[in-house]
Structures are given as C-alpha cells and as structure tokens.
Amino acid sequence: MKVIAVRQKILKANSQAARENRARFSRERVCVVNILGSPGAGKTALLERIAGSNDLSMAVLEGDPETAMDAERMEKAGAAVIQVVTRGTCHLDANMVQLALPRLDYRNRDFLFVENVGNLLCPASFDLGETMRWVVLSTAEGADKPFKYPAAFKTAKAVVINKIDLLPYLDFSMDQVKDGLAQICPKARVFKVSCKTGEGIDPLMGWLRGFSRNPAKTNSKS
Amino acid sequence: MHEMSIALSIAENVKEVLLEHGDVTPISIRIRIGCLAGIVPDVLRFSFGFAATDILGCSPGLEIEEVLVSGRCLDCGEHFTFDTFPVVCPSCGKARIDHTGGRDLELVSLEVEDNNEGDRCQTKDPESQ
Ligand SMILES: Nc1nc2c(ncn2[C@@H]2O[C@H](COP(=O)(O)OP(=O)(O)OP(=O)(O)O)[C@@H](O)[C@H]2O)c(=O)[nH]1
Ligand SMILES: [Mg+2]
Ligand SMILES: [Zn+2]
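Protein chains in written order, with my numbering: chain A, 14 to 235; chain B, -2 to 126.
If we strip away everything but chain B, and leave its shape as in the complex, we get:
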C-alpha cells in the first residue's frame, strides 16, 4: 500500500516533467531509493505499472537505484556503508554506529522517445486525441 502511494507520486512527478518537454514518450524512469525508506523494489515496480497507466496513459520501465546507508563507527572511526540494521562495525565489530542517509526517494531522470519518430504509447491528455 505504501508502494502504491509512492508509485502514484512518481507518476505525478513524471507527468509534470513531461509537460515541459513537448511531444515525448517516456520509455524508462530512473529513481533512487534509500535502503531505510521502507520500500520493496519489486512491489514498487508492480504498483508503478498501474499508477503509470492511470496517470500517464502508458507504462514506462522503472529503474531503481538503491542507496546504501553511510555509517561511522563511534569506537574506531571506521566509515562504511550498509543496507540494513542491526549493524556492527566491519573493522572492530562494535555496534555503536552513527549513520546518515538511506531515506532518499528521488526521481533522477527520464529516458524519453521523441514522438516525431514513432510512439510506443500515449502520454498526452487522452481527450486531445
């Protein structure tokens, strides 16, 4: 359910970007998701299929880049990255870790096709057809 509302937001964001770029069709959407954002990539991809069809009138691919959490060991100072808790320092094995990031939810880029060359799906307002 969480994934669905994120999927709808992605589609809304994409729609807004597309409005500024004339007659183009989105082929694939690239996003970044932090490992602590609580989002399962496969579920998001599945939800996005529906959200995109509903909001964009087509279903571009979704490329998901997962962003690791940055950790710093409070005992030995080691810097490292990880994807889930609990976590221990890879260098000294202690568990007092300061961490940052991992909650990103970001639209990175869109790969689009120019509609003069041929379209795979309809992205404009369906009424205008």
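Bound conformation, chain A alone:
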C-alpha cells in the first residue's frame, strides 16, 4: 500500500476552460455577466428589461435544463441569443460556454449575459470565465436565502432583489436580507427592482453602463 500525494483542484478541467474564456473575453473587450438565481426568480425578466432599454449592445447565452423558451423570449426582446440545453444538468460549466460561443454573435457588443440554470447551489461552483456574477433573488423566495446559499451570494458583484411589487403581499424582511448580504457579500451592490413595473431598473442600468467598453458616452458610472 502506498500513498500518492496529489493536492489538486477537483474542478481543474473547468478552471482551465474558464481561464481560456476569460482571456478571450478580455481580448474581445466584452463584459460577461453570469446570472444566478432560483427557478423563477426573474432572471429572464430582468434580461428582457435590460434589452428593452435599447441603449446597450448585448448578447445572451441562455442555459436551461430543457426547452428554448427563454431564448425565444430574448429574441423577441431584440437580443442576439443562443440557447444551451443542458439536458437535465443543473448548471452551466466553462466548457459548455466555450462550445456555444462560436454560434453566438456576441463580438463587438458591450455585454454578454449568461443566464445560468435556475439553481442557487451548483452554478456557484462553476467559474465560466465571466467578468462578474449577479444573483437575482425574488421577494417571494424569502429573505433567508443569503444564509442558506452562501456560496452563490459570496461571489456576487451585484444582488438584484426582484419582484418588489409583491412586497405588500409577503412577509419578506428587507432588514433580514440586508443583514444576510452584509455578512456574506458586504461588497456586493444591491438593487431593488420590479421587472414587472420597471421600478428600480434605472439605477441598475446606470451602474451597468459603467462596464460598457465606452462608458464615456454615458452619464453615470461607478
């Protein structure tokens, strides 16, 4: 019997593909946003809002376990889009993204949004080579989610609290969610929005414009 010491990252194949993606995105000067959130949190609704504002050039990579429904929605919203159907797999990985890129017209656009599979667990472990991660959390899911899914929130650059139009009907505590976010991801930007009414979308757009390749043409950046 002998022991072979290894000490290597279990997801090193994914890390390698993610590194390649990241190098490519930075060469092509596209800001890539990996969007995480539970099923139905409003990831696609948020992307429809962003596309609808018509002042950013964007492409979208949709990851879903089945169907091209979200891609169809984004097409209607006017975005260049590709659907990656994961056939039941609960997350996108860097390799799936790499394989899909040649079929997506994302070059020379400011943003590539990747809508990950609806799930707060698995996508958190898989770096896609993105520039930043967002988590979309809808009010109906409850304010305890940052504590329950720290891995997802920990790496978020922005947390979008969606469906604030529903607040009057829920016991969602904004204080509790703020406590959670302050512990898990104190540096994340927090936006409160309703993709249904459009409330709160403007501040998010203003912040987002700061990441476009020519932020000077816009009025707000951070």
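Hints listed in this document are in silico derivations from the structure and should not be mistaken for laboratory results.
There could be a bad hint or two in this list.
Said to hold, decoys possible - Residues from chain B shown here face chain A by an in silico Cβ test under 8 Å; the list is partial:
no.	residue
1	I3
2	L5
3	I7
4	P87
5	L102
6	V105
As the structure is a prediction and not an experimental result, all values here were calculated from the model.
Where is the CB? At the ideal position from N, CA and C, for every residue including glycine.
Place chain B with the ligands on chain A using the hints.
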C-alpha cells in the same frame, strides 16, 4: 445532482493521476471540501460509488475532510472558524464578520495498492484485458 458532477470530476482526476503511476489499484481517495461548497458528504460518497465504477472500473473509498470557514470579527478582531451561516463572534456576540475560505474542492491524495501483490478491482482500460 451537483454531487454527481463533482463525483465525476473526482473520478476523472483520479484516473489521470493513476495513468502516471503504473499498475496500481486505488483503495481510497482523500479529498477536502469547504463547508461553503454546498456539498453533502454522504450524497457525494453515494454518487462517487457510481462515478468511480463508471470511470475507474472500481469503487475506492472516499475520505472527506471538511474545511471550516475562517472568520474575523470586525468589531473586536477575534479570529475563529465556523461551518455555517449565520454566525456571530464567539467573543463579543456581534455579527459583523469578515470571512475567507470554505469553498475548497481539492483532491488531496490516493491510497493505492501495487498490483503485483494482488488486486481488488480493475483500474486499467477494460479493453486491454
Ligand atoms: N410580480 C412579479 N412577477 C415577476 C417579476 N419578475 C418576473 N416575474 C414573473 O415571474 C415568473 C418567472 O420569471 P422568469 O423571468 O421566467 O424567471 P427565471 O428566473 O428566468 O426562471 P427560470 O429561467 O425558469 O429559472 C414569470 O411569470 C414572470 O412574469 C416581478 O418583478 N414581479
Ligand atoms: Mg429564465
Ligand atoms: Zn467580536
């Protein structure tokens, strides 16, 4: 489902290491998992049984070392470790905590048997038999 894809990656990693070590059979695999990695050890062990059988042609044991999260209290400076949120400082009871680590997913080592002495299972390419 998450555990299954991690289990498959572990088996792939092990397969790669074994290729560099000649005629050996893995008996047990040691890994480290951060407490914030979102992985349930029992589920991972269960999944690994299938993944290993599929990829390695045998089913070595999986020893899981859980890695705690390191916290530092922003109010009193206390350093401590914990395994889950929410967390308060054990010294002053406040909840403003800076934390690092806890997302590790690492293959640490393999315990193997030299096949000259006897094998418990088949790790080489089944076709070559
Ligand atoms: N009331 C309300 N409903 C919303 C809001 N945003 C989204 N919805 C609704 O919530 C449901 C789910 O929204 P989607 O955008 O499909 O959610 P998703 O996160 O993309 O879902 P998956 O891709 O399936 O994981 C839809 O019926 C939306 O119309 C909101 O701000 N307020
Ligand atoms: Mg969607
Ligand atoms: Zn303290």
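Legend entry - Ascending list of hint numbers which this structure does not respect: Of the numbered hints given earlier, those the structure breaks are 2 and 4, listed in rising order.
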